[in-house]
Each structure stands twice: as C-alpha cells, then as structure tokens.
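All chains, full assembly: derive it from the sequences and hints.
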Amino acid sequence: WRGFQFDAGRAPHSMAQMQRIIRICSAFKLNYCIYREGDDELNAVRYRGNPLGSRNPHALSLAQVAELVEYAAGYGVTLVPEIESLGHSGAKGRHYPDLVAGGIETQYEGIGTHRRKVHLLPGDPRALALLEGMYREWAPLLPSPYLHLGLDEVLMPAKPQAEHLARLLEVVERVGRETGRALRPIVWADAPPTPAAFRGRVVRCLWSYAEHRDYGAIGVENAHLVRQGIVELSRPGAEEPVLMAGGSGAKHTPYTKCPAPEAVENLAAWARWGRDLPHCMGLYAVQWSGNMVDDWLPDFLAAADVAWRPPEVSLDVDAELARIGERLARLKDYTDPAPGEVDSPAWDGIWLRDREWHEEVVPGDAY
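Count the sequence shown with my numbering and you get residues 3 to 369, in order.
For the record, the hints were derived by calculation from the structure and aren't laboratory data.
Some clues are possibly wrong.
Said to hold, decoys possible - Taking lysine-lysine pairs in the DSSO-like style, the calculated list, with each CA pair at most 30 Å apart, reads:
#1 K334 x K161
#2 K119 x K161
#3 K253 x K119
#4 K334 x K31
As the list claims (entries may be wrong) - Derived Cβ-Cβ restraints for the label pairs, each shown as a range:
#5 E361 x P195: 40 to 46 Å
#6 T258 x A225: 21 to 27 Å
#7 E111 x D216: 23 to 29 Å
#8 S63 x E175: 26 to 32 Å
#9 G221 x E111: 38 to 44 Å
Since we're looking at a predicted model, the values are computed, not measured.
Glycine is no exception: its CB is placed at the ideal position from the N, C-alpha and C atoms.
Below, the structure is given as structure tokens:
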C-alpha cells in the first residue's frame with residue numbers, strides 16, 4: 003500500500019479539493035487514503051443515527067461520503083476511514099458531554115482555549131453504542147475490509163485502554179458479521195497490545211515523523227517506537243500485520259508542517275525498515291491539522307516512490323524532490339487548480355486570515 007491522508011477532523015476538507023488531490027495522487031500511483039472523520043476539533047461527517055456533524059456546515063453527508071468513496075475508487079484509490087474510538091474525541095463531546103473526559107488545554111491567541119486529547123469514557127456502554135452505530139453506517143460504504151479505529155495518544159492508564167480495545171474489537175467483529183463485511187481493524191501501534199483472540203487480524207500502524215528524529219533512526223533502538231512495539235513487530239515470523247505512517251507532523255500553530263526534505267528522509271527510512279518484512283503492508287504519508295493539502299503533496303508523492311522502490315541506502319533527497327517538482331509541474335490540477343478546488347485555509351478547527359488565527363470553523367461550540 004502507498005497512501006496519503008486527509009485530516010478532516012481538524013480542518014474542513016471540501017469534496018472538490020479532496021477529489022483534485024485524489025486525481026494528483028492517483029497519477030503517482032498512490033492507492034489508498036486515510037480519511038479522518040473526527041478529532042477534538044471537528045466532526046466531519048453527518049450521520050443518520052446520531053447528531054455528530056450536525057453543527058459543522060462543512061461536514062459531509064453519508065451520501066457525499068459514498069460519492070467520495072466511489073470517486074476515489076475510479077482513480078484506483080481505496081478510502082479508509084479513521085474513526086477515533088477512544089482518544090481525540092473532543093468534538094464528540096459537543097453532542098455527548100457526559101461521554102467524554104480528560105484532555106489538555108491549549109490557548110489560541112485571539113480565539114480562546116481548546117481542549118485536546120479528550121477521550122471517550124471507556125467503561126460506558128453508551129460510548130460503545132455510539133461507536134457501533136458509526137461503524138454500522140460506514141460498513142456498507144467501505145470499499146475494502148479496513149476500518150481505522152485510532153486509539154493513539156490516550157491520556158489514561160493502560161488497563162482501561164486494554165479493556166476498551168477488547169470490547170471494541172468484539173463490536174467491530176459483530177458489525178462485520180451482521181452487515182456481511184469481514185472488517186479488518188487498524189489501530190495506531192501505541193494502542194494496547196492486540197488481544198490474543200484477535201492477533202493477526204488487527205493491523206498495527208507504527209508512526210514516527212521527521213519531528214521525532216531525536217529518538218534516533220527508525221528501528222528497534224528508537225525509544226518512541228519501542229513503546230509502540232517495534233521490537234516484537236520486527237521479529238522474523240511476526241504474525242501481526244503492520245502499516246507504517248511517516249512524513250511530517252504538525253504543531254498547534256498554523257503552517258508548522260516540517261520542511262519537505264526532512265519528511266522525505268523520514269519516509270525513505272520507513273521504507274528501508276519495512277522492505278524485507280513480509281507482514282509489512284505498506285507506507286503512508288500523514289497530513290495533520292490544516293487543509294492546505296498542496297503543501298503536503300511532496301510528502302505524499304515521495305511516499306509513493308519509496309514504497310514502490312525502497313532505497314537500499316540513503317536517498318538523494320534533493321534529486322527526489324526535484325523529480326517530484328518536475329512531475330507536478332506537468333499537472334494542471336497542481337499548477338492551475340480551479341478556484342473552487344482550493345479550500346480557504348484552516349488549522350485546528352480555526353479559519354486563518356493572513357496566516358493568523360481568524361475565527362472558529364464552528365462558532366460558539368466548546369471543545
């Protein structure tokens with residue numbers, strides 16, 4: 003797999019812009035896309051069976067989701083939703099304040115305070131029922147068995163997280179059985195270990211971006227990745243399938259994507275690590291916080307190149323970026339996009355003006 007990501011849970015992503023980006027990515031043989039339908043900032047999908055997304059005028063209806071899935075498939079791209087199923091659930095709290103807790107406060111100058119890394123209550127059956135309803139609405143639309151459950155960066159003890167994961171996997175299995183879909187969950191690799199009954203059926207997604215370079219090279223001595231289980235996932239005969247997520251993270255300040263050369267080096271390092279591991283399914287370049295997705299295209303296209311041909315030694319990053327630039331220059335979708343296919347910039351649920359915070363995407367809502 004060679005993938006890219008839309009972080010619609012933190013900034014509005016219009017159908018028109020996403021379709022344009024899909025066309026560009028398809029031209030470079032990227033073949034799957036992670037669509038983040040929610041986070042602490044936004045609910046990006048309007049469901050039929052719950053009120054999520056109803057306060058966000060930029061949320062997609064399920065009919066639009068189906069259209070996007072079909073559009074991507076027409077370009078050889080499989081859309082995989084990421085439904086945050088424990089942490090990163092602050093936006094759910096707009097509608098279900100009694101189902102969320104925790105988080106940390108972040109001050110946005112001239113805007114106010116957002117609470118980030120809010121989590122669902124893991125022992126509350128109402129939280130599981132909410133998630134089950136979301137999975138059921140997605141299941142008929144999925145073009146593949148894969149469903150990303152998130153579960154990263156949860157600020158709570160390990161034991162309730164592990165108990166929640168076990169219950170969650172049972173819910174996913176039941177939804178798959180009752181909808182006629184053999185669903186394959188994906189979780190971030192800092193989630194609790196996969197329960198024995200599900201081992202081999204859950205994809206673990208390791209993640210480390212250019213910003214994490216101080217932890218060392220991608221590999222079994224990297225402390226950030228050791229906490230995610232990379233030692234076990236690197237062993238010959240490891241039975242758990244693995245995805246790799248790399249590229250550029252972002253801070254909670256506009257336009258803080260890292261420079262493209264650093265992101266490309268990170269993606270190449272991931273491709274080298276996974277090259278000889280038969281249980282490694284693929285690589286994708288992440289896209290966080292903003293909706294200025296053109297800024298991430300060098301990351302996306304580098305992910306396609308290095309996943310297709312993992313470098314045996316260090317990559318000539320300057321030459322790689324020059325090749326990417328030359329190829330992008332041939333595409334009208336990149337050099338001269340239609341005005342309606344470029345979104346107004348937003349970051350962390352806030353519209354930007356002149357590269358500064360301007361106003362909330364969903365005014366009047368507490369995070």
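**Study point:** Outcome of range test on Cβ distance (S63, E175; 26 to 32 Å)
**Key:** holds (28 Å)
Point to revise | Pairwise hint evaluation, K161 against K119, where the allowed Cα distance is 30 Å at most | key: holds (18 Å)
**Study point:** Supplied distance hint 38 to 44 Å, evaluated on CB atoms of G221 and E111
**Key:** holds (39 Å)
Practice item. Assess, step by step, whether the Cα of K253 is no farther than 30 Å from the Cα of K119, and give holds or violated. Key: holds (14 Å)
Practice item. Take a quick look at whether K334 and K161 sit within 30 Å of each other, Cα to Cα. Key: Roughly 51 Å separates the two Cα atoms, so the pair is violated.
Check your understanding: Taking 30 Å as the top limit, are the C-alpha atoms of K334 and K31 close enough?
Key -> holds (17 Å)
Point to revise | CB-CB spacing for D216 and E111 relative to the 23 to 29 Å hint | key: Between E111 and D216, where Cβ atoms are some 27 Å apart, the hint holds.
Check your understanding: Between T258 and A225, does the beta-carbon spacing fit 21 to 27 Å?
Key -> Given a distance of about 23 Å, which is inside 21 to 27 Å, the answer is holds.
Point to revise | Beta-carbon spacing of E361 to P195 - inside the hinted bounds 40 to 46 Å or not | key: holds (43 Å)
Violation of the numbered hints given earlier is confined to hint 1; every other hint is satisfied by the structure.
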